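Please build the complete structure, drawing on both the sequences and the hints.
Sequence order for the protein chains is A and B.
Read left to right, the first sequence gives residues 1 to 140 (the numbering used here).
Read left to right, the second sequence gives residues 1 to 140 (the numbering used here).
For the record, the hints were derived by calculation from the structure and aren't laboratory data.
Since we're looking at a predicted model, the values are computed, not measured.
Worth double-checking, as some hints may not be accurate.
Cut-off 20 Å, straight-line C-alpha distance, at most; resulting in silico cross-link-like pairs (EDC-like, lysine to aspartate or glutamate) [as the list claims (entries may be wrong)]:
{"hint": "1", "chain 1": "A", "residue 1": "K5", "chain 2": "B", "residue 2": "D140"}
{"hint": "2", "chain 1": "B", "residue 1": "K85", "chain 2": "A", "residue 2": "E81"}
{"hint": "3", "chain 1": "B", "residue 1": "K63", "chain 2": "A", "residue 2": "D11"}
{"hint": "4", "chain 1": "B", "residue 1": "K62", "chain 2": "A", "residue 2": "E10"}
{"hint": "5", "chain 1": "A", "residue 1": "K129", "chain 2": "A", "residue 2": "E91"}
{"hint": "6", "chain 1": "B", "residue 1": "K65", "chain 2": "A", "residue 2": "D11"}
2 protein chains.
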Amino acid sequence: MITAKVKWAEDMHFIGQSGTGHTIVMDASPDYGGFNSGMRPMELLLIGLGGCSGMDIVSILKKKKQDLRGLTINIKGKQAENYPKRFTEIEIEFIIKGKNLSEEAVKRAVELSMEKYCSVKATLEGSAKIIHSFKIENID
Amino acid sequence: MITAKVKWAEDMHFIGQSGTGHTIVMDASPDYGGFNSGMRPMELLLIGLGGCSGMDIVSILKKKKQDLRGLTINIKGKQAENYPKRFTEIEIEFIIKGKNLSEEAVKRAVELSMEKYCSVKATLEGSAKIIHSFKIENID
Chain A
1 MITAKVKWAE DMHFIGQSGT GHTIVMDASP DYGGFNSGMR PMELLLIGLG
51 GCSGMDIVSI LKKKKQDLRG LTINIKGKQA ENYPKRFTEI EIEFIIKGKN
101 LSEEAVKRAV ELSMEKYCSV KATLEGSAKI IHSFKIENID
Chain B
1 MITAKVKWAE DMHFIGQSGT GHTIVMDASP DYGGFNSGMR PMELLLIGLG
51 GCSGMDIVSI LKKKKQDLRG LTINIKGKQA ENYPKRFTEI EIEFIIKGKN
101 LSEEAVKRAV ELSMEKYCSV KATLEGSAKI IHSFKIENID
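Structure follows, in structure tokens:
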């Protein structure tokens, strides 16, 4: 069981505490009565997707003895036009940097995360189509 | 379009940057090669759900001229047993504190968030059954 607690501070400012003991601030934009003093709740879903798949890919590439030097993940989410404006499509791009990376190993690691392991992806894809891509940047 | 970037730092440690300019740290538990130096990605989904519905409820109750003094949201998520271990059920409990709060107004605010406005709820319920409840604590 995963747990969290969220407490209202003031205005649209909320404090989120995770069951594992970490804290973040959320806030709305000025259009919605906030002061942009923290993340939007919908942004957290995209960041969770990036973190979850990133952890999979790093651990798979390490098991495959790949010399990984960097991983950047760009995520974009499109919402439905009408309320409740759920995510309908999410694009996730992995930029994987390393030395003599095998394209096959990278492709497989991305696929294993997307198709088999990533819990956040599996949760979000109940609502949003998730499109992934990757780029390899080999360094000398 | 909502955007985010996630960067690998080291081990299972990742930095998430939201398109609105905020940053958080994610990490895995020691069982998965991490050091528990930040949130788990799956926790972010629950916190996002709490923040999203909390913002709705606060703004609806303010419009209804309710004297709201506190809001705490407890969230628990159950995962599937097998990989990818998506969320299958999420319980969210709203503890709403105020002065002479109308039970009808609170009930309606919770319902409006859950059924009509909350984008995170609408996204997660593609995968997880979401069960909500609320408690009112009236203060003198």
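Hint by hint, here is what the structure shows:
no.: 1; hint: A:K5 - B:D140; in the structure: 25 Å, violated
no.: 2; hint: B:K85 - A:E81; in the structure: 30 Å, violated
no.: 3; hint: B:K63 - A:D11; in the structure: 13 Å, holds
no.: 4; hint: B:K62 - A:E10; in the structure: 12 Å, holds
no.: 5; hint: A:K129 - A:E91; in the structure: 8 Å, holds
no.: 6; hint: B:K65 - A:D11; in the structure: 14 Å, holds
Figure legend: structure checked against the earlier numbered hints; hints not met, in rising order: 1 and 2.
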